[in-house]
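Asks: Sequence:
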Amino acid sequence: MVKRYLFLLLLTMTALATGCASLGIGQPTETPVPFNRHTAQDVFSVLSSAGLEAQNLRRDLVVGRGAPSTFSDRYIFEISRIAPSGGQVLIFETPDGLTEWQEYIATLRANNATRRDVVYVFVRGNVMLQVNANLTTQEANAYRDALMGME
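Read in order, the letters of the sequence shown are residues 3 to 153 in the numbering used here.
Quick caveat, the hints were computed from the structure, so don't treat them as lab data. Nothing here was measured: the structure is a model prediction, and the numbers come from that model. Do not rely on the hints blindly, as some may be mistaken.
Stated by the list, open to error - Label pairs and their calculated CB-CB ranges:
#1 P30 / S71: 34 to 42 Å
#2 T31 / D98: 41 to 49 Å
#3 R67 / M150: 23 to 31 Å
#4 T109 / T33: 35 to 43 Å
#5 E32 / R67: 36 to 44 Å
#6 V65 / G151: 23 to 31 Å
#7 A52 / R117: 37 to 45 Å
#8 D147 / Q29: 16 to 24 Å
Even for Gly, the Cβ is constructed at its ideal location relative to N, Cα and C.
Full structure from sequences and hints, please.
Replies: See below:
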């Protein structure tokens, strides 16, 4: 008799667990991380924390050379060793906007006349950081590493 009750108890528990699982009860769900989670200020804060220069910040929403205007924010900055050159930070609201810019960068890289301008381009989440080609690879990689370390 005890075996029968034990069997029924196990059967009931299995059915209950299966039913709860199909309802999503007991299963944690991940909260999706929004794509547009970083701001330009986040980027400049992480660069500053890493001891990297980004001087004379200027918000500039106008682009040239047929560049897409799919970003939501854009800042240009100077690096004293190569001033007035430096870099730019672009912030994107959507993955599609970022993809358009990545495709644009790819076309510049494929052209001998513009290839040098886009040597150092780094992407982290919804942020694109481009620093001037007059930096050494070691200097540019310091900017890359700071960006990649951004939470």
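Asks: In this structure, is the beta-carbon distance linking V65 and G151 contained in 23 to 31 Å?
Replies: holds, 27 Å
Asks: I want to verify a distance hint. Is the separation of the beta carbons of P30 and S71 within 34 to 42 Å?
Replies: holds, 40 Å
Asks: When you take the CB atoms of A52 and R117, is the distance between them in 37 to 45 Å?
Replies: violated, 28 Å
Asks: Taking the beta carbons of T109 and T33, is their distance inside 35 to 43 Å?
Replies: Holds, at about 37 Å.
Asks: Between E32 and R67, does the beta-carbon spacing fit 36 to 44 Å?
Replies: holds, 40 Å
Asks: Is the hinted range of 16 to 24 Å satisfied by the C-beta distance from D147 to Q29?
Replies: violated, 37 Å
Asks: Evaluate the given range 23 to 31 Å for the C-beta pair formed by R67 and M150.
Replies: Since R67 and M150 have Cβ atoms about 27 Å apart, the given range 23 to 31 Å holds.
Asks: Given the hint of 41 to 49 Å, check if T31 and D98 actually sit that far apart at their C-beta atoms.
Replies: About 26 Å separates the Cβ atoms of T31 and D98, which means 41 to 49 Å is violated.
In this structure, the hints that do not hold are numbers 2, 7 and 8, in rising order.
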